[in-house]
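There are 2 protein chains.
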Amino acid sequence: MPVNYVTPAADQLFPVAGVRLGVTEAGIRKANRRDLTLIELAPGSRVAGVFTKNRFCAAPVHVCRAHLQKEGIRALVINTGVANAGTGEPGMVSARQTCDAVAQLLDIAADQVLPFSTGVILEPLPVERLVAGLPGARAALKTDGWHEAAHAIMTTDTVAKAASRKVGAGGTACSITGMAKGAGMIRPNMATMLGFIATDAAVAQPLLEQLVKEAADESFNCITVDGDTSTNDSFVLIATGRGSAKFESAQTAGWAEFKTAVIAVARELAQAIVRDGEGATKYIEVAVEGGRTREECKAVGYAIGHSPLVKTAFFASDPNLGRILAAIGYAWNNDPALADLDVDKVKVWLGDVLVAENGGRAASYREEDGARTMKPAEIRIRVDLGRGSHAANVWTCDFSYDYVKINADYRS
Amino acid sequence: MPVNYVTPAADQLFPVAGVRLGVTEAGIRKANRRDLTLIELAPGSRVAGVFTKNRFCAAPVHVCRAHLQKEGIRALVINTGVANAGTGEPGMVSARQTCDAVAQLLDIAADQVLPFSTGVILEPLPVERLVAGLPGARAALKTDGWHEAAHAIMTTDTVAKAASRKVGAGGTACSITGMAKGAGMIRPNMATMLGFIATDAAVAQPLLEQLVKEAADESFNCITVDGDTSTNDSFVLIATGRGSAKFESAQTAGWAEFKTAVIAVARELAQAIVRDGEGATKYIEVAVEGGRTREECKAVGYAIGHSPLVKTAFFASDPNLGRILAAIGYAWNNDPALADLDVDKVKVWLGDVLVAENGGRAASYREEDGARTMKPAEIRIRVDLGRGSHAANVWTCDFSYDYVKINADYRS
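Quick mapping for you: the protein sequence lines, in order, are chains A and B. If you count by this note's numbering, then the first sequence holds residues 1 to 412, one letter each, in order. If you count by this note's numbering, then the second sequence holds residues 1 to 412, one letter each, in order.
In case anyone wonders, no lab produced these hints; they're calculated from the structure. Check each hint, because a few of them may be wrong.
Which copy is meant is left open, so a pair is good if it fits within one copy or across any two.
What the hints assert, rightly or not - In silico DSS-like cross-links for lysine-lysine, where the CA-CA straight-line distance does not exceed 25 Å:
no., residue 1, residue 2
1, Lys70, Lys213
2, Lys405, Lys375
3, Lys166, Lys246
4, Lys347, Lys53
5, Lys166, Lys213
I would like the entire structure built from these sequences, with the hints used as guidance.
If you want it as structure tokens, here you go:
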């Protein structure tokens, strides 16, 4: 059960002119499950992406990186069930065969196709079943296919994740719609499990490349469920140029509003992943400020967000503050710049309650106040490092029996 | 229930001439529990220690570091229940009061006392109760007190950890006995939760300083339960010089054998901590070889050993190899030198079964072989990075429902 998250209804997801989505059951790993999604883009669409930095990155990620070297992407194909990661050269062959088959079907070139896979690592991709499913996915293509596609890309997700916005007016009016999947093996580094956002605005390629990085950095790169960076993380931003808005540079009228909206959609999707984190019962925002750099603030946020001791304490609604302090204290493992952190200057709040300062528990702290702030399903930890003006947020969830259950059962 | 570990019997722990141990119930946090241990050292004993690198390190750790600046340590005092960490200046006062009280009792100077605390972080140390308990601990002092002391320093441990050896003969004969505690918040960095090893050999101070670091590096610094570096990690090596052995330099006859035995005792204690890891049902050795440096091998070992996905798969006895590969792939998060890891050269074995090579699953791998190797309570993962001649081991345990239960319940 996700924490305070409901999938938007189909009619809350605005179609994006130039984007059609179709899903089908290809039987990739299990029968009777929609596991194959085809996304067709209108000619002239621009695409930019960021991908996992895991060294064992999946074959489709290699292919995506290669195909994004030039413009002209016209289709995306996404399968669940098998991640096609840790599959060596045969995996690369399968990913290329997938692109070939999509290209033939849509009468485009193979390098105009981006392939994505998610599911079990190290299993061979049953490419013949995937290819056999493609005509069905093509037949299902429609502009209002976001809702179905968001469901078809799920694996251990308990809810589909999608978000949509309309911004601007007149010449800057545009729609932005996105979807994402992911619940476990979530600690994206430069990207997320699978995230797709499309807009009908026209966006110059360099601007789009910059925006996809910035949006990832403000959203997917700020979340963690279990600290495990996936082999398949991919986040793709599509601008079809079929609407009225046209952004040539960061100075174009309406760009700031557009950019803010794209980041808001990305963040909504990223936070939805955490709200649906495997076994999650609590949604936790770790807001770190007063750092010398944004990086060291994130290092502290991740130290807290990854600590199994902190996460189990949140599961128990136990204000076990010492575990938070301990995590702050060893955060220099994540960023050596923190090795000289002066703990006497660190302040920690749970919700609005000051819990620690001067190297220890705040004099004003009362256990009942701490207990009160731990009760709700959404909790905010605020940390002031007291040594600079930078800040960063990390979003995470608690660690429950169900996390163990899900991950001890999954695959077997 | 620890994995294949039984506390040695009292008569398996050799007394160390010059060391007397006494325990008592001081009611530090709960009544009717032996929670205070006093260790008295004969004059002329030499002591060396390594301590946590957590920036929120405990008050007693600060005091230990200061007191070890000069020689002449004559007593150690250890309380459980309260860690006296995250307690600011009042915590320092309590730690110093503890030393003062021990000094008065034993007619020594306060800076000849090393204080240690373990338990809940951020709670004030009830120093008056500790001080009131000291005469009882003193009255209980005896040379064969190791077994009782190993029990008295436990917190969430389910078994006491101790180890003992006799090595050498004639002029190099000596006894080495040690004890340790710890089950959660275990990812020592330069030291462990609490570990104490004493020998009746005489060891020159510089040699002892070097040995304590080396022994920590080969034992406590190779284990992880949950990746949480404690605020109180301390590992102390004591040489009383009351036996016949006398080591003035690394060239002294018998030194190599003695050193090997000290490291063996340290490793036995460190491994006992993992075998008793919170909720552990499996004991896992991650042996990484073929690295360019020992550090990058440890980085890979820790990436695997910390991954909640790997650990839950071990709990389920599920050979979910993809999770291991994914962890190897993001190990560069721990050591940037691994950013150029060529995954096609990486080989992975579960037990004696080759499971991955050439960037994917080994052609010879059969699922039933993987399943067979996952069954026993002790499992070895071997990773060959294929790029150098260095190696390192990391010892860890699985992640079970009981880890969550223990840490969601502890303290509340």
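* To do: State whether the alpha carbon distance between lysine 405 and lysine 375 is at most 25 Å within one copy, between copies, both, or neither.
  => both (23 Å within a copy, 18 Å between copies)
* State whether the alpha carbon distance between lysine 166 and lysine 213 is at most 25 Å within one copy, between copies, both, or neither. => within (21 Å within a copy, 61 Å between copies)
* Should lysine 347 paired with lysine 53 be assigned to within, between, both, or neither, using CA atoms and 25 Å as the limit? -> Cα proximity of lysine 347 and lysine 53: across copies only (20 Å, versus 33 Å in one copy).
* **Copy assignment of lysine 70 with lysine 213, given that the CA separation must stay at most 25 Å** => within (18 Å within a copy, 54 Å between copies)
* Asked: Quick one: lysine 166 to lysine 246, C-alpha cut-off 25 Å, is that within a copy, between copies, both, or neither?
  -> within (15 Å within a copy, 81 Å between copies)
When the structure is compared with the earlier hints, no violation turns up for any of them.
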